[in-house]
Each structure stands twice: as structure tokens, then as C-alpha cells.
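Chains as they are written, first to last, in the working numbering: chain A, 1 to 641; chain B, 1 to 416; chain C, 1 to 261.
What the hints contain is simulated information worked out from the structure, not anything from laboratory work.
All C-beta atoms, glycine included, are put in the ideal place defined by N, C-alpha and C.
There may be inaccurate statements among the hints.
DSBU-like, lysine-lysine: derived pairs with alpha carbons at most 30 Å apart [claimed, not checked]:
id, chain 1, residue 1, chain 2, residue 2
1, B, Lys407, C, Lys206
2, B, Lys365, C, Lys240
3, B, Lys379, C, Lys237
4, B, Lys398, C, Lys206
5, B, Lys122, C, Lys120
6, B, Lys181, C, Lys206
7, A, Lys297, A, Lys48
8, C, Lys120, B, Lys181
9, B, Lys379, A, Lys424
10, B, Lys398, C, Lys240
11, C, Lys6, B, Lys119
12, A, Lys354, C, Lys245
13, C, Lys245, B, Lys365
14, C, Lys259, B, Lys139
15, B, Lys365, C, Lys6
16, C, Lys245, B, Lys398
17, C, Lys245, B, Lys379
18, C, Lys237, B, Lys365
19, C, Lys120, B, Lys365
20, C, Lys245, B, Lys407
21, C, Lys259, B, Lys398
22, B, Lys379, C, Lys240
23, C, Lys120, B, Lys119
Label pairs and their in silico Cβ distance ranges [as the list claims (entries may be wrong)]:
id, chain 1, residue 1, chain 2, residue 2, range
24, C, Leu93, A, Lys398, 52 to 58 Å
25, A, Val13, C, Ser69, 52 to 58 Å
26, B, Gln362, C, Pro209, 20 to 26 Å
27, C, Pro209, A, Asp388, 42 to 48 Å
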Amino acid sequence: MVLDWLPSVLIAVALSLAVIGAVRRVSLWRAGQPDKVDLIAGLMAMPKRYLHDLHDVVERDKYMSKTHAATGGGFVLSVVLILAVHLFGVDNQILAWALLAALVLMFVGALFVFKRRMDPPSRISKGPWMRLPKSLLAFSSAFIILTLPVAGILPEGTGGWVLTIILSVVIAMGLAEMMFGMTWGGPMKHAFAGALHLAFHRRQERFGGGRSTGLKPVDLTANDGKPEILGVSKPKDFKWNQLLGFDACVQCGRCEAMCPAFAAGQPLNPKKLIQDMVVGLAGGTDAKYAGSPYPGKEVGYAKGGPDQIITQGLVDPETLWSCTTCRACVEECPMMIEHVDAIVDMRRFLTMEKGSTPNKGAEVLDNIIATDNPNGYAPANRANWAADQNLPLMRDVKKADVLFWVSDGAFDMRSQRILRSFVKLMKAAHVDVAILGDEELDSGDVARRLGDDAAFQSLAKRNLEILSQYEFKTIVTTDPHAYHCLRNEYGDFGSDALDGVEVLHHTTYLNRLVQAGSLNLEPFKGGTVTYHDPCYLGRYNGEYEAPRELLRSLGIEIAEMERSGFRSRCCGGGGGAPITDIPGERRIADMRMEDVNTTGAELVAVGCQQCTAMLEGVVEPRPEVKDIAEILADQLIEEVH
Amino acid sequence: MSDVIRRDPRAEWIARNRLHPLHGTIAVGDDAEVRGPSGLLRKNPHKVGFIGPNGIKRIDRLKGNGAASGMGRRSSGPQEVQLPLHSVENPDFYIVVVPDLVGGRLTSQDKDILGQAHKMAKDIEGKGAVVAVCFGESKEENYDTAGVDRLIHLEGEEYEGFSPEQRLAALVQVETSLQPKHWLFPDSVNGGTDLGSRLAARLGERPAVQAWQVTHETTVSRGASQSLDITRETPRILMLLEECADAIDETRHEVKAIELDSVPRAIVQLQDQGQVAVDPNAIPLAEAEFILSAGNGIHNWDQFHETAAALGATEGASRVAVDDGFMPRFRQVGATGTWVTARVYLAVGISGAIQHMQGIGQCDKVVAINTDAGCDMVKRAALSAIGDSEEILGELLKLAQEHRANKGEEGEQNAA
Amino acid sequence: MQPNIKQSLDIVSLVSIGQHPQSGRVRRAEQDGRAVELGMNLGGDNLTVLHAGDPQEQALRTYAGMGLSSMQVLNLDTQDDAVPALADYLQQLRPDIVLTGVRAESGESSGMVPYLLAEKLNWPVVARIADIVSVEDGVAEVMLALPRGQRRALKVALPFVASVDNAAPEARQSAYGPGIRAQIEPLAAVKEEDAVRSNWSEAKAKPRPKRLKVVKAKTAAERFKAATAKPQGEAGKVLKGVPAKEQAQEIFNLLLEEKVI
Ligand SMILES: Cc1cc2nc3c(=O)[nH]c(=O)nc-3n(C[C@H](O)[C@H](O)[C@H](O)COP(=O)(O)OP(=O)(O)OC[C@H]3O[C@@H](n4cnc5c(N)ncnc54)[C@H](O)[C@@H]3O)c2cc1C
Ligand code: SF4
Ligand code: SF4
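Bound conformation, chain A alone:
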């Protein structure tokens, strides 16, 4: 072949540029803060994580998962073989045939990518991403032609130098996208960063079907109790592997499609947020971003750099405060990016350094600090709701089978109905249960999600201190937010108060009682019932079944909403969002109620006081809203003595 050195040179050049790019990219990540990860073990585990954890998520979109397997698999295989065949010139027909097969696989995959891109859904980004299928096709077809002679299908030198030149241009294009683009910020960057992100993920526990949802504590003891900076103000304040994670985003927009705040027209789009983080870590503007904007905000004006304060020019604080921390985005992200961690990290800076928690935020935090509850009620009145409940106090009994964690619903008349129903059920099942009374404090959930980790840690430590004085086997709570804190976040504070203690949501516990036959219930005779999964019960803790089983035990056939289970849509009540109350076009709760309405349900069962409040905040007429404890208590056949 004439000029047959050209392809190899091109490959070598592309490869070396890719390496330079990679080094540069890595240095961008390394601007972040250190984080402990086992690099070797991570790299070793990476292929498995790719094949299992990542593909489990991708698999939810069957079309895309097959396409990606073909294109991605074909590409990885091709690159290895191309290096052998075309760069090192290994003259082996078998290798060449294998390469051809890989390239054809990639070509077919790329065709499907192309097809998907003909009429893309609004959630996926356009721009350079529209070019990707063409580059993929160019790359695979050019190398197919180039490989044909090696495989002996075509005679050497076919086509002469004209063909070689044309071929070389196409190869250059393909290589530029696939190699150069991979490390210099093109769409293919996702493969490079994505692979490393899987290896060095900040939450290694998530792989292999694990769940890791608790927020990481801020180190308040650094620098002699006076940390230089609290939370994340600049991109370089993120941990290095968080930065790496942002870089892995493929702009598929699955997060955007799931985000309740986005749907409500609040100025938040998780995909854009992650892309802005990429702008921040690399420096520049968002002018090239080609996806949906933050609702109500134009693209092109955001600017940032690793050393620039994020909330001054890159991301509007309103964007961060719109998030309900529902984790729908995280659950859906094929690249396993942690949006909520990033959002709360930046909120921490806004609250603990700038003192700019919007709306009622400051007041609520002051109340939490001064009275251990968000509404500033007298702490001594915490147990007033139970005055007629004849519930033993831990202070008196010291020991009980079950500790009922009441949570701040104690101060709220509506939530008290849930509490009383639960107590009624516990009594009917003769459970040895006690409460902490006014020794209980707010769990710190709201403070933490609003970014005040100092207030959270203070509450957590004081709660743990109190818990450590008593003996119990199980904690049960009707509040999924407290449940999450107790179960997933209190472990970071070096207390043994919860060692060997099972922390359960009331639906889980009640379900055990029902399954054990301890509760005598009569079948439910009302109309259609649907069930709303609270985010902090479902996505945060994986409890989807117990509430449903309970409803079924009453003979209820649940009319499921389209978005239920791990895809449940948030009620809008999490993450302090009702407190910061960033305006949008709609209310998240109204959208959720529409979801309910499409099932034709007359009653929506929930397992959370906050969801109850949010859904009942929707103007009437609307279906009734009841906690599962209330529904069960209504069906309880009380023993006659």
C-alpha cells in the first residue's frame, strides 16, 4: 500500500495526544481534595463494576443497553487490536479477522446510536454529542477498509494513494474523536473518566448491589476546631474523585427526566448542574452546553474555574436550594454520579460560611439550634401529645424491647394522628415499647440537608448520648427522615449507642407484626388505593415491599402509579425544600397528586408525616391522604376484655 505508514503515524500521534490529554485531565481532578480510596483494588474491580453495576442501570433502557454494549464493547476490542495490527504491525490473519469482527460490531452499534440520534428525546444533549455517531461510523468503517487487506480479503495496495489519503482523513477524524476527544473533553471523555470513576468512586459500598446514601460528615475538628473552609466553595474544594465523577457524565439526561424540581419549573436541572461542575473544574463557560437549561435561566452566561467561587457566576444558589434531595437523579444515573452529595456540599458553604440559607432557612436553623426542633416550640412540650397515651418513658423504665422514635411530628397536630395510630397498633400487639419523651431531639435531618452540618452533628451527638443510656433492641420510627439519619448517618460519630440495634421504619415493623399474626385486622372496604413511596424510605433505604405487603394484608389491591418504587416521584417535602421554597411554575406536590389522580385512587397511602403534609397541602378536591399506620389502625379489630 502506498503511504502505508500514514495510518500508523496517525494512530501513534492520536495515541500520544490522548496520553498527554489524559495526564492533563488527571491533573485537573487532582486539584480536588484528597480522599481515601484503594486505587489498585478499585482498578481491579472496575470491569466487574462496569459489567454489573453500571449495566444494571443502563439495562433499564433496553435499546440503549444493547446499543452501548455493541458500540462500547466493539470499540474497546477494536482499539486493542488496532494497536496490535496497525501500530505494531503484527501480521496475523486471525487477529485481523478478530479486528474486523470487533469493528463490524462497533459499526452496527453506531448505526443504532445514529438512529437514536435522529429524533432524540429532549433530555439528552445535542451539540458535539450529535456528531458522535458519525465519528463512530467513520472510525469503524475506515478501519474496516484499512483492515481488509491485512485480513487478506482485498489485495494489498487496493485503491492506490487516493483511497489511502481519503481513508487517512476519515481515520484522522475518527481517531480525533475517539482518542484525542476522550481525554481533551469531547463526548468520548465519558469512557475514560467513567471507567476511572467506577474504579475510584467515593462510595465504594454502592457496588455489588450495596446502598450508600448517608451524607459524609464535615470535619469540624480540622485546624484546631477552626476549619479553613466549610463545605465546597470552589470546584477544587470537592474531593478529587467527586471531580472525576462529574467528568464521567454522558449527558444522557436521565437525571433530568426524573428530577421533580426540573419538572416543576424550578431553576434546577441535575444534568446541567453536573455539566457546570465540569465547566468549573476545567475552567471556561457553559456556552458549549447543548442540553436543556435550568428552567427559566438562559445558557451561556455561566463562568467558572477550579479556583473561582461556584455560586458567584457558575451556579445560582437558587439552583442548589431547589433540590429536594430525593435521589431520583442518583438512582437513575448510569454513571453513578452523586448529585446530592455535590449539592449538599455546596449548600454547606452557603449556610455555614455565607449565612445565606434562603427564605425560612435561617429561622428554622436558629430554632433547631435554640430549641432542638424546627418550629421553635418549647422543648419541654415535646411529649405533650402522649399525655393520654400511657406510654412509658425510657427515663423511667431504662429498658424496653422497642424504642419508638417519635420525631418532630410530636409538635404537629396532623402528625400526631399518625403517632397515635401507631401507638394503638403497638399496644394491640402487646409490644414492650417506650419513648424518650422530651429527651428526644430533632434528628438533625433538616439541618443537615440545609447545609448546617455543625447543627446536625451537635444534635446527632446529643441524641446518641441519650440513646446510650438506655437498653433496647430495636428503634422504630414513623419518620423516614429520622430513620435515615439514625440508620445511615449516626454511625459516623463514634458512639456505640446503636451497636447491635436494629433501626426500622414503622411499616417494616408493623409488617412483621402482621405477618406474625399479632394484629387482628379486618379487610379494607374503601375505594381504590394507591401508595406513594417516600424517598427517604424507598431510594434511601430500599424499603419498597413492607408497606405494600401491609396494604395487601388488608385486601387492598394497590393501583400503582407509573412512577412508583425506585422511580417514585418526590412529594416535594425533602431536603428542606419547603423551607427554602424556591419558586417554580408548579408545585411538586401538585404534580404528585396528578400522578395519584391518574390511578383513579380515592385514597393515597403514605409512610411519612412529611409526605402527608405535602400531599394534604394540595387544594381540594383531591384524594384522601393517610399514613399506613392510620389505615391499619382503622381496620384494627380491638380485643374485648
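Got chain A sorted already, so can you dock chains B and C with the ligands onto it with the hints?
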């Protein structure tokens, strides 16, 4: 007007004094219910009710509130009662009261404090006279029945408007000429606290503020944002809370004028620029004292705004009205809006969701206009009108406009 | 609204240790926080935030958290009187404006501190201000807070003492980070024991008896009326099936009765 109801200070005093032998027969209200050791509410049947005029015990299950229902009904004709005159010749000592005189009239707090002054005077050896020092224009006609034995009335442009420095100079003059045993000021935002504090600082006296239980010997006053009762020897200068004592109502007093030697002109460092006209709608919601609030049940928004303007009310809104874009966000009342403290909260077409109710917890009188008699707002309201908001607001608007017109005329007549 | 400041100002905001009304826990006092806020809006960097008491008190950090780089604390023991120490310090510092709260949230809450300081310094004192609108040629224009959201404008020459009302702009949020980093500088102070106070006795506030409405009914008819009328306090009056005109009249009467129009 309502001569039917007259308070009996003796009975009230007995009711308050738990050691009085007749206490048990008179006390009504809170004392009838006591929390027992187990936390249960216990009723003391002996403490319920009062003795009627014919000596028969009557149980007033309304805790006295029923009396107010006599409103609007005139009795067959007022009987002028000539109260006995209480006169003090050559008093041995003086107790000086400096009333707020809001709008030229004694406030109920002023009257309570005059009562307090007499209470103290009675217990101190010798004959005491209660002196009122009044500044500026006075429209008060009943100094006599309010308990003013002596009146120092200081008028003139130097006392008009905001003039604490000149007033202080006058009080210092009173101090030198009368050497009062006690100085009593209303502890109020209407000037009493300010003037009292100035005098105390000038005379180097340590005053008791927020005093509420005072004899000539000991004073109980509130401290630490109302959470503490401080008991001490009664000082010379006192600033007293509302209802510290009962107003005078069974005697008449002389209201003899005392002329002061000329009061020196004070150096005025605080130059009054006058009261600033504040648009009721510009008053921060949290400070407003009359709020007209709109909810999802308002369909004629122009009418709503017009009514608010005519009534001079500050506008509020429910979240739905805000979400739907009819009202700005800073008007929202409730958990995620403003917590208001209005004395009157008129809720039009608001259902009374718990988050909204949280915001009006501190409101005195809630009035509801709603089509649904069963809604929570109606349950909370002192007065509810069941009907269409537009219709009722329309009528209210007319009334307000008529009222304005009448007032305008009256003003003109007065001016004439 | 940005105040119109035409000269450099030295401002001192005096702060005390607040007390939460529900929990009794120490905190940033509401009004003192507003005094700091006003000081920050007016004085920018020339603001001294001053406390007389224990420099170790953690609640001071909640003021610092508003973004102060440092705070001055006149080191006093609990039984010491704050006024002599403050007066002595201010005498030396000679600021233009001294801002305080109206009443402290703990202790005697007499509200006398601004008056006593003014008397000692021989400065004018303005009580319950809502804002300082402008300072020009040594004269400040001040807004006094009157009841019901009303305002009175006032001019006063510097230097002066002012107490800040609840109507003044709310104190900005206190942030943890700046709060723990701020420098708290203890200063030696004039100590005078508050001897008068030691003779007082203090107790938790008793609920005040509500004034009784004593019914002095003279005739049976009046008694009957009193007994059958619907009490106003408990369940409200509901006008249903009544012409709108009458309903409006009834509402209007209530408004008149409550003196809001
Ligand atoms: C976290 C959270 C926070 C919230 N915070 C707030 C808050 O701060 N403030 C707030 O207000 N809400 C708040 N809400 C919303 C609250 O739950 C209610 O949805 C809202 O208060 C209802 O407003 P509304 O009474 O105007 O509307 P609706 O509930 O629709 O009530 C309308 C009322 O008008 C009456 N009506 C209808 N037509 C007429 C007519 N022609 N004439 C007279 N009456 C008529 C109806 O009978 C009904 O009672 C919050 C909700 C949540 C979940
Ligand atoms: S956590 Fe929920 S609200 Fe927040 S960005 Fe993700 S999807 Fe949106
Ligand atoms: S963050 Fe994840 S889900 Fe969202 S666009 Fe990027 S890759 Fe897709």
C-alpha cells in the same frame, strides 16, 4: 354607654387575693380548675360562679364573657350616678402619674396606673394626692372619675409632637417642687417607658420596669423577656404594665390644677420631623395590625384591592393566591410566609390549612368570609360570614366608603 | 434600602446574651442582633461590636457569625454592673453612634442601659429606632418605630445613643464558620458590683391573672340575657343564610369595635 355592666373592684380584689376570707365565693375563672397531682384537671365546685345582686349564687359558665353581648343594646335610659367626691386638702405627699394620653385621652393603662397610685397612697402614712402630669392637647373629660386629685397640664408648642427632652425638663421641675413619693409611668410603647427611663437616668434612680404587682413596700416586676418575676423593695420610679391595678370607678376626684413655676426650655437635640405617612400596604406584614387576606376563594381581585384600600387594611394572601400569581410572594401569610401579629385578621376565601393557620396563631380576632361553613378557618374565626366573597366584599366596600364620607364631613364640621 | 451615608462613621453596637423564650437557652438577642445588623449596614468596617461580660460565652459566636472578624468583650463577672464599664470604654473610644437593643432578654431587662450611657456621656438618646436613613454633616436622620407599623422621622446630631426596635431590619443569618473563626478580644474593664440587685429575689414568672369581667346584673332579664348569649371567646359567631348586607355590617361593626378603622 353600657351602664349595665359595672365592675366591682372590691370583688375583683377579693377574687385576686387568695387569702381573703371571701375569696372562695368570688373567684371565677382559672382558679376553678386546678391541675391535680396526677395531672388531671380538677374542678372546685365552690369556686365556680358568683353571687348575684339578690344574694343567690349564680354560675356564670361564660366566665363573664357574656356581658359583652349586651353590646348594641341601649338600656332604657342612663341613670346618672353621682359618685362620692374624694378630696385631699393639704396633702402630706404626692404620687405622680405621667399618663400616655394617646390622642389626648387617658388610655386604659393610664387609668389602671391612676388606680395603682391611689392604692399605694392609701397604704402610705399620711394623706397623699395623686398628681397627673399631662402634656400637650388634652381631650380627656373624665380626669375626675379616673382618680386625678391634682393635675399639671403643660401645653404649648414645645410639648407638641415628639418632645421627650422638654417633657423631661418639666418632670425635673415637678421633682423639685413636689418631691413626689413615687413616680408612676405606663410601661408602654406610647412614650411612657421612654419618659420614665429618661427621668430615672436623670435623677439617678433605679426604676422598676414591667412592674405588675406593686404595693408601697414591695414590687414584683417582670424580667428576662417576661420569664422572670423580680421581687424587690418598691423604688421611687416605676413603669407599670397594663392591668397592674384596677382603675378608679367608685369615686370622683378634685382635679385641682397645680401651676408649675416656669419650666426652663430644654436644649432640643432630637428634632422632630413629624410622623411619616405610612401606606397601610407598605407596613411590613408582620407589624400590620389589620390584615385583609385573600385566598383561593377570591375571584374579583380589583374589588379585593379596592376594599383593602377603603378599609385601610394591609393585604395578605394564602399560598394558593400567591402561587396563582394574584399576589406577590411577600404577602404570603403562613408557615412559609410571614407570621403575622395582626389584631384583626379578615380571611376571605381561605380554607384554613394548617400551614396557613401557623402564620396567624398570634392574631387576636379572626374574621372569615367563606362559602364553606365547615372549613377550618370558620372554626378558628370569632366571626364568620358564610357566603360569596364578592358579594360580601362588595357590601363591605360600600360601608367603608360611606364611613369615609361621613368622617370627612365630620372633619369638615369640626374644622368649621 | 442603602442608607445615605456621607461621612465615615465609627459605630459601636452593644450586645448582650439573649435567651430563647421557649427553651431558655442562650442565644443571639433579637434586638441586639438588629443593632449589629444596622451597625453593619451603616458602618461597614468601622463597627465595633462590644459586650460586657464573660468572653468565653459561646452565644457571642452567634453575633460573630454575622460576619464579624472580631468582637470586643469587657471582662466582667456576673455580679458586676455593665454600665460603668461600658461608659468608661465608650468615653475613651468616642464613637459617633452607639446602638443597643431596647431591652435585654435575660436578667433585669430594664432597658436602662442606653439611657444611663447617654446620661453619663452627656449624649442624646433615641429609643426604639427602626432605621437610620442618612448621616450628613454630623446629623443623622432617624426613623422611630411607632406602634402599628407607623414611623416618625427625627434628626439628631452625632454622637448619640439609640436603641433598636423590633421593627428594624432583621439580623442577618449567623453562620457557623465565621462565628468560630472570629477573634474575641477580652479587655480589662472597670468593675463595680451591682449591689442593689443582690437584695432582690428572682423567681420563674407566674402567670398573671386575667382581669375578670364581673357581671353585675341587676335584673332577671339581664341575667337571662347574660346566661343565654353566645360567648364570644370560644366558638365564633357564624352568620349563615343572612343577607350579605347584614353580614358586611356585622363585620364592619367588629372592625369599628376593634378600632382598626
Ligand atoms: C410545606 C407547605 C407549606 C405551606 N405554606 C403555606 C403558607 O405559608 N401559607 C399558606 O397560605 N399556605 C401554605 N401552604 C398551602 C396550604 O396547605 C393550602 O394549600 C393553602 O393555604 C390553601 O389556600 P386557600 O385557603 O387560599 O385555598 P383553598 O384551600 O382552595 O381554599 C379556598 C377557600 O375559599 C372558599 N371559597 C371558594 N370560593 C369562594 C367564594 N366565591 N366566596 C367565598 N369563599 C370561597 C372555599 O370554601 C375554601 O374554603 C403550605 C403547604 C405546604 C405543603
Ligand atoms: S435529588 Fe431529586 S430534586 Fe435533587 S437534583 Fe436529584 S432529582 Fe432533582
Ligand atoms: S448525571 Fe448521570 S444521569 Fe445525569 S446526564 Fe449525566 S450521566 Fe446522565
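Verification of the supplied hints:
no.: 1; hint: B:Lys407 - C:Lys206; result: violated (45 Å)
no.: 2; hint: B:Lys365 - C:Lys240; result: holds (19 Å)
no.: 3; hint: B:Lys379 - C:Lys237; result: holds (10 Å)
no.: 4; hint: B:Lys398 - C:Lys206; result: violated (47 Å)
no.: 5; hint: B:Lys122 - C:Lys120; result: violated (37 Å)
no.: 6; hint: B:Lys181 - C:Lys206; result: holds (28 Å)
no.: 7; hint: A:Lys297 - A:Lys48; result: violated (40 Å)
no.: 8; hint: C:Lys120 - B:Lys181; result: holds (25 Å)
no.: 9; hint: B:Lys379 - A:Lys424; result: holds (28 Å)
no.: 10; hint: B:Lys398 - C:Lys240; result: holds (21 Å)
no.: 11; hint: C:Lys6 - B:Lys119; result: violated (54 Å)
no.: 12; hint: A:Lys354 - C:Lys245; result: violated (55 Å)
no.: 13; hint: C:Lys245 - B:Lys365; result: holds (21 Å)
no.: 14; hint: C:Lys259 - B:Lys139; result: holds (18 Å)
no.: 15; hint: B:Lys365 - C:Lys6; result: violated (46 Å)
no.: 16; hint: C:Lys245 - B:Lys398; result: holds (10 Å)
no.: 17; hint: C:Lys245 - B:Lys379; result: holds (22 Å)
no.: 18; hint: C:Lys237 - B:Lys365; result: holds (12 Å)
no.: 19; hint: C:Lys120 - B:Lys365; result: violated (45 Å)
no.: 20; hint: C:Lys245 - B:Lys407; result: holds (21 Å)
no.: 21; hint: C:Lys259 - B:Lys398; result: holds (18 Å)
no.: 22; hint: B:Lys379 - C:Lys240; result: holds (14 Å)
no.: 23; hint: C:Lys120 - B:Lys119; result: violated (35 Å)
no.: 24; hint: C:Leu93 - A:Lys398: 52 to 58 Å; result: holds (57 Å)
no.: 25; hint: A:Val13 - C:Ser69: 52 to 58 Å; result: holds (55 Å)
no.: 26; hint: B:Gln362 - C:Pro209: 20 to 26 Å; result: holds (21 Å)
no.: 27; hint: C:Pro209 - A:Asp388: 42 to 48 Å; result: violated (28 Å)
In the structure shown, a violation is registered for the earlier hints numbered 1, 4, 5, 7, 11, 12, 15, 19, 23 and 27, in ascending order.
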